[in-house]
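Q: Please put together the full structure from these sequences, using the hints given.
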Amino acid sequence: MVIAVIVGLAVGTYAFRLLGVMLHDRLELPERVRVVLPLAASALLGALAATAALTEGGALAGVARPAGVLVGVLLAWRRVPFVVVVVAAAATTACLRLLGVP
Amino acid sequence: MRSVNRTILRDAFAIAVATGAVAISFGAIAAGSGLPPWSVVLMSVFIFAGGAQFMAVGLLAAGNPLAALFGGLLINARHLPFGLAVADAVGPRRWQRLLGSHLVIDESVAFALARTDPRERRVAFWATGALLFVCWNLGTLAGLALGSAVGDPAVLGLDAAFPAGLIALILPSLRDRATREVTLAGAALAVLTTPLLPAGLPVLLALGGLLVLAIPRRRPATPDAAGRSSADEPATRDGTPAAQRETPAADGGAPAAGGRAADAEEAAW
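Going down the list, the protein sequences come from chains P and A.
Per this note's numbering, residue 81 is the first one in the first sequence, and the count goes up by one each step.
Per this note's numbering, residue 1239 is the first one in the second sequence, and the count goes up by one each step.
These are calculated hints, taken from the structure and not from any lab test.
Careful, some of the hints might be misleading.
From the structure, some residues in chain P lie toward chain A, with a derived Cβ separation under 10 Å [unchecked claim]:
#, residue
1, M81
2, F96
3, L103
4, A123
5, L128
6, A147
7, L155
8, L179
9, G180
A partial selection of chain A residues facing chain P, derived with a Cβ cut-off under 8 Å [claimed, not checked]:
#, residue
10, R1248
11, V1328
12, A1380
No residue lacks a Cβ here, since even glycine has one placed at the ideal position from N, Cα and C.
A: If you want it as structure tokens, here you go:
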């Protein structure tokens, strides 16, 4: 049963990925769609980031994580190197949790 | 060009290390759930998608294999539009398409989209995808070996690293007004529907953010916005007129890629 789920998930996930990549040139997409594609991907990434930052298991994620992400975003906005953004976000969240912030 | 490659590698390495640490916790949780270790290794090699893997382990341990399958597929359906968006970065050859498709993950997509130069996009996509694949699988092995000895990754604040990195990557492209409106609308849709819908669906629903493009515009569009429309915008944060900021080359200095909506600005890092 476990192996069936893993095979199903692996095949299905690869199919999604391959289908997207292959459809790109098979379909001869109209210019309008080509312009919208990066927008669609950006919306998905933004949604992933926002839900990962703010929610946990369908409920709000507490304070420490959104605060850490916010620090990261502010640093990114100030054009601080990417590495620093990631480390600062994690460090802020870790420190807040150390202080007992949920 | 060489220094650009180095920057890409360094940044990709940073997110790969954070991902590796998450993989350690995945391996540890999976080991603790009673799944056979080989099945956990297979997951990380062949599914290679964190969210779906965590969910699958939880639901399999709870004795709900059907939910594990369909929930995981729902979470991973976003990879289809991702594949469409980064197909050019994957490369034209058959082996590139077959192998590269497996490396279409959130981070490789975000890194590729953050670049406008076709060669840089390709380097960013492959470097990020390959590095994360290695770190994800090494981390899984380490987690399996260490088992419950590994503490909670939340203590290290690693759950903040992923969203912060992702936002840092898409931030420069948000200078483009259409991209910003679509992304913010999509993110808001996803967050608001997260308490109501099963995991995976809210993120897919973010594609509904594209609907803001259909809002009739009240001011003449700039030439590059042909075919798109955008809502009128109130005064912006820094007071710059929106029309001026929408010109792709206005603040970045890099030439706009033909017809691309994403901002052509070179990332500062």
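Q: Could you check the structure against the hints above and give me the numbers of any it violates, in ascending order?
A: 8, 9 and 12
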